[in-house]
Amino acid sequence: MTPDHKLYLVIGGVVALLAIATLITETLRRRAKEPSAVIDNLVARVRAWWGMVAIFAAAFVLGKNATIVMFALASFYALREFVTLTPTRPADHRSLSLAFFLGIPIQYGLIAADWYGLFAIFLPVYGFLTLPAVSALAGDPEDFLARNAKIQWGLMICVYCISHVPALLTLQIPGYAGQNALLLFYLMLVVQISDVLQYVCGKLFGKHKLAPVVSPSKTVEGLIGGAAGAVAVGAGMAWITPFSPLQAAGMAFVIVVMGFLGGLALSAVKRSLGAKDWGDMIKGHGGMLDRMDSVVFAAPIFFHLTRYFFT
Amino acid sequence: MWLSTILTGAARALLGASARWQGSPPTLAQRLYFANHTSHADTIVLWSALPAPLRKRTRPVAAADYWGASAARRFIALKGLNAVLIKRGPRDPNVDPLAPLYEALDAGQSLILFPEGTRGHEALPGPFKSGLFHLAQRYPNVELIPVYLENLHRSLPKGEWLPVPLNCAARFGAPLARVGGEDKQAFLERARAAVVELSR
Numbered sequence: 002m003t004p005d006h007k008l009y010l011v012i013g014g015v016v017a018l019l020a021i022a023t024l025i026t027e028t029l030r031r032r033a034k035e036p037s038a039v040i041d042n043l044v045a046r047v048r049a050w051w052g053m054v055a056i057f058a059a060a061f062v063l064g065k066n067a068t069i070v071m072f073a074l075a076s077f078y079a080l081r082e083f084v085t086l087t088p089t090r091p092a093d094h095r096s097l098s099l100a101f102f103l104g105i106p107i108q109y110g111l112i113a114a115d116w117y118g119l120f121a122i123f124l125p126v127y128g129f130l131t132l133p134a135v136s137a138l139a140g141d142p143e144d145f146l147a148r149n150a151k152i153q154w155g156l157m158i159c160v161y162c163i164s165h166v167p168a169l170l171t172l173q174i175p176g177y178a179g180q181n182a183l184l185l186f187y188l189m190l191v192v193q194i195s196d197v198l199q200y201v202c203g204k205l206f207g208k209h210k211l212a213p214v215v216s217p218s219k220t221v222e223g224l225i226g227g228a229a230g231a232v233a234v235g236a237g238m239a240w241i242t243p244f245s246p247l248q249a250a251g252m253a254f255v256i257v258v259m260g261f262l263g264g265l266a267l268s269a270v271k272r273s274l275g276a277k278d279w280g281d282m283i284k285g286h287g288g289m290l291d292r293m294d295s296v297v298f299a300a301p302i303f304f305h306l307t308r309y310f311f312t
Numbered sequence: 027m028w029l030s031t032i033l034t035g036a037a038r039a040l041l042g043a044s045a046r047w048q049g050s051p052p053t054l055a056q057r058l059y060f061a062n063h064t065s066h067a068d069t070i071v072l073w074s075a076l077p078a079p080l081r082k083r084t085r086p087v088a089a090a091d092y093w094g095a096s097a098a099r100r101f102i103a104l105k106g107l108n109a110v111l112i113k114r115g116p117r118d119p120n121v122d123p124l125a126p127l128y129e130a131l132d133a134g135q136s137l138i139l140f141p142e143g144t145r146g147h148e149a150l151p152g153p154f155k156s157g158l159f160h161l162a163q164r165y166p167n168v169e170l171i172p173v174y175l176e177n178l179h180r181s182l183p184k185g186e187w188l189p190v191p192l193n194c195a196a197r198f199g200a201p202l203a204r205v206g207g208e209d210k211q212a213f214l215e216r217a218r219a220a221v222v223e224l225s226r
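Top line first, the protein sequences correspond to chains A and B. In this text, residue positions in the first sequence follow this note's numbering: the first is 2, and each later residue adds one. In this text, residue positions in the second sequence follow this note's numbering: the first is 27, and each later residue adds one.
Honestly, the hints are just simulated from the structure, not real lab data. Please note that the accuracy of each hint is not assured.
Said to hold, decoys possible - On the chain B side, residues computed to face chain A include the following (Cβ under 8 Å):
(1) GLU186
(2) LEU188
(3) PRO191
(4) PRO201
(5) GLN211
(6) LEU214
Beta carbons: idealized from backbone N, C-alpha and C, even for Gly.
Could you build all of it, start to finish, from the sequences and the hints given here?
Next up, the structure:
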């Protein structure tokens with residue numbers, strides 16, 4: 002099978018999966034005797050998935066640069082949600098503008114230019130030092146450390162971490178040339194399947210709350226069911242990766258654990274900012290960051306494990 | 027108009043410009059939207075937040091001394107936003123500065139007005155100028171809709187030229203009730219309070 006064939010096959014597989022999900026949720030809604038918020042939310046989620054998969058598939062088919070642009074936009078909207086909820090002061094204006102209009106294009110431009118060395122340190126070194134300097138020049142010392150810490154954190158989470166997803170396209174893996182898009186697909190599939198299965202298992206069997214204060218919807222049963230399912234799917238999809246089935250299972254396990262921790266940490270951040278959702282961009286899901294929170298933690302680790310052991 | 031499409035598209039992409047119809051649904055009734063004013067982007071965000079059929083019949087009111095100052099601004103204001111330009115500043119006793127607004131309202135159009143008359147720095151609006159009162163008196167059947175524009179004072183404040191992209195929503199309140207015999211000050215304070223209430 003050529004890489005292109007594999008790509009079309011996995012996209013077809015996702016479309017089939019979504020079709021089944023649509024059939025189930027729309028039937029549930031029709032059969033429900035009275036309107037139910039849970040079912041309505043389920044229907045909205047599945048409908049939004051169609052949109053997300055369509056955008057994703059289009060970027061994939063269009064190639065590397067389109068995929069980079071798509072994730073740059075995801076970073077843009079994630080950072081917009083983050084900064085919207087974060088209290089800032091007028092003196093932060095210039096550094097925030099810089100973060101959006103220079104930080105994002107440069108970080109993603111470095112992926113397009115295939116310049117790994119600078120990609121890895123641009124935000125943690127140059128961004129880290131430039132932004133507080135710009136803030137200090139604005140001459141407002143009030144809450145200076147807290148303000149800058151929040152801007153730095155937003156940038157690392159929304160831009161640096163998310164940019165590691167399309168950065169997978171630049172890895173040179175022996176015997177895997179021309180197939181990196183599949184690796185990116187693999188990461189997103191495992192993360193999202195894990196999220197979906199955790200949600201479903203939690204709703205069906207969830208009894209013991211895992212972190213009642215930070216993330217009330219997470220349950221032990223949901224986590225175990227979701228993790229087991231996602232690792233099984235990850236192992237089963239080894240044929241699109243450079244990994245053996247056992248390695249793929251291990252990678253999927255790491256992705257699931259990181260995704261879970263990411264969801265937990267970002268939920269804590271969200272709550273510390275006094276919000277329930279990051280935004281309302283994606284109907285049924287919340288904001289961009291509500292959908293990307295697991296990806297944020299999983300992407301850099303998956304990227305570096307793959308880079309270290311397989312290139 | 028292609029320019030309107032670009033402006034509303036850019037407002038949505040950069041600033042969200044989503045609408046929250048908290049107190050009244052979007053309807054085609056003739057309306058006077060009045061909002062807090064902190065940013066040059068206020069007009070575009072509020073206008074973009076309206077559904078297209080409402081936007082077609084709604085015209086922002088803009089200051090001639092700013093939006094008419096150069097050919098480019100004039101073009102954006104008149105062609106892109108379909109704005110009504112009015113004069114601020116020293117009064118000519120023979121000319122009613124609100125005359126262009128009467129013309130638009132008589133033609134059945136809705137208006138977007140910033141009754142503070144100028145941009146402020148704060149999240150909450152300052153005192154309202156009397157124009158809103160005179161319009162409300164003269165057009166008793168036009169719905170007065172308070173609007174709170176959130177986050178624009180952070181996104182593109184006075185004195186900055188590059189925006190920080192934030193989700194800037196327009197919250198639409200219930201039509202302001204008409205109280206018979208109410209004096210100007212009381213009316214303007216009540217109108218301002220209606221906008222402040224939406225900010226909560």
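Inset, instruction - Report holds or violated for the interface hint on PRO201(B), using the least CB-CB distance to chain A and a cut-off of 8 Å. - result: violated, 25 Å
Inset, instruction - Report holds or violated for the interface hint on LEU214(B), using the least CB-CB distance to chain A and a cut-off of 8 Å. - result: violated, 28 Å
Inset, instruction - Would you settle whether the hint for GLU186(B) is holds or violated, based on the nearest Cβ-Cβ distance to chain A being less than 8 Å? - result: holds, 5 Å
Inset, instruction - Closer than 8 Å between Cβ atoms is the bar; does PRO191(B) clear it against chain A? Give me holds or violated. - result: holds, 5 Å
Inset, instruction - Tell me if LEU188(B) is really an interface residue toward chain A, meaning its C-beta lies closer than 8 Å to one of theirs. - result: holds, 4 Å
Inset, instruction - Verify the interface restraint on GLN211(B): the C-beta must sit less than 8 Å from at least one C-beta of chain A. - result: With a closest approach of 31 Å, the GLN211(B) hint is violated.
In terms of the numbered hints stated before, the structure departs from hints 4, 5 and 6, listed from lowest to highest.
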